[in-house]
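Protein chains: 2
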Amino acid sequence: MVRGRITRLVVSDVRFPTSRGRHGSDAMHPDPDYSAAYVVIETDACDGIKGYGLTFTLGKGTEVVVCAVNALSIHVVNKDLEEIVGDFRGFYRQLTSDGQLRWPLWKLLVDMDPHQLLSCIDFRYITDALTEKEAYEILQNGLRGKKEREEHMLKHGYPAYTTSCAWLGYPDQQLKQLCMEALKDGWTRFKVKVGADLQDDIRRCRLIREMIGPDNALMLDANQRWEVKEAIEWVTKLAEFKPLWIEEPTSPDDILGHAAISKALAPLGIGVATGEQCHNRVIFKQLLQAKALSYLQIDSCRLGSVNENLSVLLMAKKFQIPVCPHAGGVGLCELVQHLIIFDYIAVSGSLENRMCEYVDHLHEHFKYPVIIKKASYVPPQDVGYSTEMKEDSVRKYQFPQGEIWQKLLSNP
Amino acid sequence: MVRGRITRLVVSDVRFPTSRGRHGSDAMHPDPDYSAAYVVIETDACDGIKGYGLTFTLGKGTEVVVCAVNALSIHVVNKDLEEIVGDFRGFYRQLTSDGQLRWPLWKLLVDMDPHQLLSCIDFRYITDALTEKEAYEILQNGLRGKKEREEHMLKHGYPAYTTSCAWLGYPDQQLKQLCMEALKDGWTRFKVKVGADLQDDIRRCRLIREMIGPDNALMLDANQRWEVKEAIEWVTKLAEFKPLWIEEPTSPDDILGHAAISKALAPLGIGVATGEQCHNRVIFKQLLQAKALSYLQIDSCRLGSVNENLSVLLMAKKFQIPVCPHAGGVGLCELVQHLIIFDYIAVSGSLENRMCEYVDHLHEHFKYPVIIKKASYVPPQDVGYSTEMKEDSVRKYQFPQGEIWQKLLSNP
Numbered sequence: 001m002v003r004g005r006i007t008r009l010v011v012s013d014v015r016f017p018t019s020r021g022r023h024g025s026d027a028m029h030p031d032p033d034y035s036a037a038y039v040v041i042e043t044d045a046c047d048g049i050k051g052y053g054l055t056f057t058l059g060k061g062t063e064v065v066v067c068a069v070n071a072l073s074i075h076v077v078n079k080d081l082e083e084i085v086g087d088f089r090g091f092y093r094q095l096t097s098d099g100q101l102r103w104p105l106w107k108l109l110v111d112m113d114p115h116q117l118l119s120c121i122d123f124r125y126i127t128d129a130l131t132e133k134e135a136y137e138i139l140q141n142g143l144r145g146k147k148e149r150e151e152h153m154l155k156h157g158y159p160a161y162t163t164s165c166a167w168l169g170y171p172d173q174q175l176k177q178l179c180m181e182a183l184k185d186g187w188t189r190f191k192v193k194v195g196a197d198l199q200d201d202i203r204r205c206r207l208i209r210e211m212i213g214p215d216n217a218l219m220l221d222a223n224q225r226w227e228v229k230e231a232i233e234w235v236t237k238l239a240e241f242k243p244l245w246i247e248e249p250t251s252p253d254d255i256l257g258h259a260a261i262s263k264a265l266a267p268l269g270i271g272v273a274t275g276e277q278c279h280n281r282v283i284f285k286q287l288l289q290a291k292a293l294s295y296l297q298i299d300s301c302r303l304g305s306v307n308e309n310l311s312v313l314l315m316a317k318k319f320q321i322p323v324c325p326h327a328g329g330v331g332l333c334e335l336v337q338h339l340i341i342f343d344y345i346a347v348s349g350s351l352e353n354r355m356c357e358y359v360d361h362l363h364e365h366f367k368y369p370v371i372i373k374k375a376s377y378v379p380p381q382d383v384g385y386s387t388e389m390k391e392d393s394v395r396k397y398q399f400p401q402g403e404i405w406q407k408l409l410s411n412p
Numbered sequence: 001m002v003r004g005r006i007t008r009l010v011v012s013d014v015r016f017p018t019s020r021g022r023h024g025s026d027a028m029h030p031d032p033d034y035s036a037a038y039v040v041i042e043t044d045a046c047d048g049i050k051g052y053g054l055t056f057t058l059g060k061g062t063e064v065v066v067c068a069v070n071a072l073s074i075h076v077v078n079k080d081l082e083e084i085v086g087d088f089r090g091f092y093r094q095l096t097s098d099g100q101l102r103w104p105l106w107k108l109l110v111d112m113d114p115h116q117l118l119s120c121i122d123f124r125y126i127t128d129a130l131t132e133k134e135a136y137e138i139l140q141n142g143l144r145g146k147k148e149r150e151e152h153m154l155k156h157g158y159p160a161y162t163t164s165c166a167w168l169g170y171p172d173q174q175l176k177q178l179c180m181e182a183l184k185d186g187w188t189r190f191k192v193k194v195g196a197d198l199q200d201d202i203r204r205c206r207l208i209r210e211m212i213g214p215d216n217a218l219m220l221d222a223n224q225r226w227e228v229k230e231a232i233e234w235v236t237k238l239a240e241f242k243p244l245w246i247e248e249p250t251s252p253d254d255i256l257g258h259a260a261i262s263k264a265l266a267p268l269g270i271g272v273a274t275g276e277q278c279h280n281r282v283i284f285k286q287l288l289q290a291k292a293l294s295y296l297q298i299d300s301c302r303l304g305s306v307n308e309n310l311s312v313l314l315m316a317k318k319f320q321i322p323v324c325p326h327a328g329g330v331g332l333c334e335l336v337q338h339l340i341i342f343d344y345i346a347v348s349g350s351l352e353n354r355m356c357e358y359v360d361h362l363h364e365h366f367k368y369p370v371i372i373k374k375a376s377y378v379p380p381q382d383v384g385y386s387t388e389m390k391e392d393s394v395r396k397y398q399f400p401q402g403e404i405w406q407k408l409l410s411n412p
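Which chain is which? The protein sequence lines are R and E, in order.
Counted from 1, the first sequence has number 336 at position 336 by our numbering; the numbering is strictly sequential.
Counted from 1, the second sequence has number 62 at position 62 by our numbering; the numbering is strictly sequential.
Bear in mind the hints are in silico, worked out from the structure with no lab data behind them.
All values reported here derive from a predicted model rather than from experimental measurement.
A couple of the hints might just be wrong.
Below, simulated DSS-like cross-link-like pairs (lysine-lysine); rule was C-alpha separation at most 30 Å, straight line [said to hold, decoys possible]:
| # | chain 1 | residue 1 | chain 2 | residue 2 |
| --- | --- | --- | --- | --- |
| 1 | E | Lys60 | R | Lys79 |
| 2 | R | Lys229 | E | Lys318 |
| 3 | E | Lys318 | R | Lys263 |
| 4 | E | Lys147 | E | Lys367 |
Just need the whole structure built from these sequences, with the hints factored in.
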């Protein structure tokens with residue numbers, strides 16, 4: 001087992017000036033600078049094991065997250081590694097994040113037995129939707145065919161869709177060009193940002209549907225732009241383009257609103273997808289109880305831990321709702337692939353109606369970037385949660401002292 | 001009108017070591033150090049007008065709030081006061097808090113006409129529950145009898161209840177003593193913390209019910225301690241003590257859970273109260289839509305602004321649910337009295353089933369502390385939102401450099 005103590009925690013404010021190219025722009029976020037609060041944890045273990053973690057932000061306010069990390073570090077620094085591994089749930093209750101001590105994460109999770117997995121989960125507030133016993137049964141059933149599914153993942157990877165072609169700020173010509181290239185690369189599932197202007201949306205959806213043809217999948221993402229009634233009316237006008245789902249039609253906190261939208265759009269064959277801004281398992285529980293969504297989008301950073309995501313994966317399984325993770329940002333693809341590969345192998349056991357988001361930027365800053373083959377995520381083989389950044393990137397992009405920011409700030 | 005610019009914003013981390021006396025202890029927070037991130041805003045206006053604000057915290061992590069305040073200060077410092085007053089809604093959308101520029105706040109709100117009040121409110125995400133037109137009609141109706149209600153407030157104050165007698169960590173003897181004193185002081189409404197141990201709760205509720213008699217009001221507060229089913233079972237066992245409400249029976253995010261508890265407890269005549277941890281108007285909207293509560297507890301700090309609370313007061317009026325504010329902490333009584341006095345005069349127009357929480361500690365650190373007479377809040381006459389702290393208190397309790405903390409930390 002692991003032996004040693006956590007000796008040091010270093011957190012950096014790393015920002016990438018993505019707003020200059022309008023990468024990541026949507027109806028609510030016209031100019032994000034994709035950024036991260038990036039944490040390195042050092043230990044005195046004899047193998048010199050280190051931990052890496054990050055959370056994704058949009059630039060401003062990253063220093064607040066850095067401050068929050070420092071505030072929580074008292075629960076981490078000097079902690080004995082064995083103690084953490086011996087009581088994941090207890091450690092989790094102290095924190096909003098966890099240690100992830102073995103490598104790679106998806107394999108660690110897959111190899112944990114049902115009891116160990118359950119010991120990571122805080123069932124407080126969700127027992128009316130999923131009891132510990134039910135969760136155990138799901139995991140126990142997941143053991144059947146597990147080996148074969150792991151082999152399937154290693155051979156074929158986890159199916160992905162791309163959001164890189166149709167950011168809201170891209171002109172039509174760029175959209176067409178990117179879409180053409182993506183089709184050539186084998187992509188079959190495409191997401192378009194909508195919600196700022198209906199006529200623009202109609203034109204862009206028509207354009208992309210014509211390019212990808214009737215058999216490829218088209219998803220829409222409104223990034224919380226609408227009122228409930230407005231969402232229904234707007235999406236109804238886009239129904240002719242046969243979108244699979246409308247993502248984040250309204251406030252991410254509005255469970256009952258999502259339920260109303262789901263009900264209204266069901267006859268059009270359009271599902272509701274949400275989750276990237278849901279802040280805990282209690283919100284997900286209610287989205288499932290209220291039949292508010294057809295696709296559940298976990299996020300590796302928003303929920304603040306692997307543990308919390310485990311409870312959501314299990315609830316989704318019980319309610320028979322496919323999980324289609326949110327990714328992109330900084331490092332979200334790197335992180336969430338572990339969770340969804342685990343989900344397939346040990347929980348859902350199915351790829352039907354399932355796919356993981358992919359966005360093609362900022363991977364070059366990671367030491368172990370995602371590998372995409374035939375529009376699928378290849379399961380990572382490197383240690384950890386794939387969160388380690390290149391030292392050079394951290395140095396250059398550190399805010400505000402890194403050379404990139406020094407240059408930008410002195411010459412805006 | 002106001003003329004001038006905001007020239008400076010200073011934020012302090014102020015902590016009071018309340019955990020030593022177990023003041024404020026409950027089932028989930030055994031040892032809070034009641035604290036505040038305290039903000040002073042300076043202007044170059046010719047009358048030297050200053051602004052004061054704070055948010056309440058439990059000690060650890062206050063430095064994160066301080067950091068967040070500093071992050072937002074770019075939207076405040078150098079801002080023209082006339083611009084802010086001229087577009088409250090626009091300023092509000094930039095921020096999570098607002099300026100409060102005239103004095104006292106409740107009177108400013110009461111004197112604003114319906115259009116001005118509406119211009120403070122962000123209706124995004126709530127139009128399915130309350131349109132701007134409906135809100136206008138509520139405020140327009142509120143004009144009838146407004147003068148009389150203002151006079152009533154000035155003469156009699158706003159009815160309060162006390163939470164100071166029965167913190168969970170107080171031994172029975174202390175509870176009895178405090179309860180006896182409170183009765184002597186004219187208190188008629190009492191709240192008891194419950195949820196850690198059923199037998200303790202039964203003993204404590206019996207004790208306090210015997211002391212206050214059958215006609216005074218008794219409220220219970222579980223501070224989110226239970227699962228949904230557990231809450232129903234536990235409170236059912238306390239029904240014999242005739243509590244008016246059970247407060248925060250489960251996760252504050254669990255709208256559907258609160259609805260299930262409300263439905264189950266209604267036959268026993270026990271209402272559900274919640275709101276102090278609800279983070280925005282969308283959550284309150286759903287609690288109202290789902291019939292999840294019988295008493296709505298706004299909090300002056302949790303929602304992050306006066307503006308957000310205005311939208312909640314109006315929704316509560318539409319759904320005919322009485323607002324009974326959460327208070328206590330550091331300065332929450334000082335702040336929220338303004339909102340509830342405004343609610344009575346201009347929105348609800350009623351005192352039926354309504355009362356504002358009162359807790360009797362830490363007022364001595366405020367320059368304009370609340371005044372309680374005959375168990376009622378006397379409307380403040382001093383300028384502002386009653387948030388200004390004594391300079392001496394800020395200096396002494398600043399964390400960690402203040403003399404109180406220096407002493408405690410060097411001699412724990």
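Each hint, compared with the structure:
A C-alpha spacing of about 19 Å is found between Lys60/E and Lys79/R, which places the hinted pair at or below 30 Å, so the restraint holds. Note on Lys229/R and Lys318/E: the hinted pairing holds, with a Cα-Cα distance of about 19 Å set against a maximum of 30 Å. Note on Lys318/E and Lys263/R: the hinted pairing holds, with a Cα-Cα distance of about 25 Å set against a maximum of 30 Å. In summary, the hint linking Lys147/E to Lys367/E is supported, as the alpha carbons are separated by about 29 Å, within the 30 Å threshold.
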